Amino acid sequence: ETGVTQSPTHLIKTRGQQVTLRCSSQSGHNTVSWYQQALGQGPQFIFQYYREEENGRGNFPPRFSGLQFPNYSSELNVNALELDDSALYLCASSLGPTEDQPQHFGDGTRLSIL
Amino acid sequence: GESVGLHLPTLSVQEGDNSIINCAYSNSASDYFIWYKQESGKGPQFIIDIRSNMDKRQGQRVTVLLNKTVKHLSLQIAATQPGDSAVYFCAENIRGSNYKLTFGKGTLLTVNP
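As they're listed, the protein sequences go chains A and B.
Residues 5 to 118 (our numbering) are what the first sequence spells out, left to right.
Residues -4 to 108 (our numbering) are what the second sequence spells out, left to right.
Only chain B is shown next, with the shape it has when bound in the complex (with noise of 0.2 Å):
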């Protein structure tokens, strides 16, 4: 089965309120890992990446929190605005697995107005 998981499937936000989305991975041996945004009809998007030598890393509005000891991993959106709804996915890049990245499921953010 797949490694990389989501804790919720869906997530509903008011606007101007944060966003917590969590990801959790089972191989040890995973050292990259990107976090995505697909909207309906749309690719994945390119948010963030970080890489296992880190913990935190930021970007305009959106935090990846890297946790290895519980291999844990959350993306953080501030002030969330309707054009945030999507599905996000975390996707993990494995040691020595030719370089392709294994996604999650996926959590469908929606915000409210």
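Chain A on its own, in the form it takes in the complex (with noise of 0.2 Å):
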């Protein structure tokens, strides 16, 4: 079984550029949400990706967007990057969109704004 997979695992950008990172779902997962987590604090929820739609979204500005594809695969997307911006982004997988289905996570995306 081919757990969640992110790519790339680091990445430094400037302030005002656009970014994009990706995210390939544990085998048999439909559901993939994204998370921002910042040094020494938990993730915070960004949002969750559910039939190529967006299914919940956190309290994120709407420069963070989102795709989901139909192999269930998903991109994250910030414009106009912020030095706020420099944090671990996570992507974790599930099931399926219900609450009580555990999400998995990938080793993330380390972005550095410069």
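If you're looking for bench data, these hints aren't it; they were derived computationally from the structure.
If you're wondering where the values come from, they're calculated on a predicted model, not measured in any experiment.
The beta carbon of each residue, even a glycine, is placed where N, CA and C say it ideally should be.
Heads up, none of these hints are tricks.
Selected chain B positions facing chain A (Cβ under 10 Å, derived; list incomplete):
no., residue
1, D26
2, Y27
3, I29
4, Q33
5, K37
6, G38
7, P39
8, V82
9, F84
10, L96
11, F98
Just a sample of chain A residues kept apart from chain B, beta carbon distances all over 12 Å, derived:
no., residue
12, T6
13, P12
14, L15
15, V23
16, P65
17, P66
18, R67
19, P74
20, N75
21, S77
22, E79
23, N83
24, E86
25, L87
26, D88
27, L118
Using the hints, put the two chains back together into the complex; each one sits in its own frame.
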């Protein structure tokens, strides 16, 4: 069984740039959620995708957007990068968008904004 | 603010001892809880979950206890090993919150050989 994989593992950008992060869900999982984890903090929910549509969103501005593809993989796009966007971005997949399905995480993309 | 919190930010135990990591939550609509382990440079790893209609659930060397009366969750690790050293997070799902998980800040567990 293949787990959640994310790419790239590390990325350095400058303020104002745009970035795309990628995630392949665990085999058999059709739901993908994205989280932002600042240093020393717990992950913060950004949004969730199910059936190629956004299925819920946390307190993040519209410059954070996403996509889900027919094979359930997903992208996180961030426009107009700010210094505070520096964080570990985590993707998690689950069997379905129900409240009692455990989410399984990848190892994240470390994004640094200069 | 976050409804999920932890009593202790760090915990240091001797190898072979039992560890108990605590977590408090404040939202009575929380109905599903997960414990995750996060090692340095890695993503959170699922340990065990529990639904609000349960008080206790056991896994391999781990037990989660849920006390809904005082809104308290704990993770017990038996015979703690050096490989258990990591940050442990409890996460909750609040009914009607669009399936997002809300995480606490985490507890750093250090196991001394």
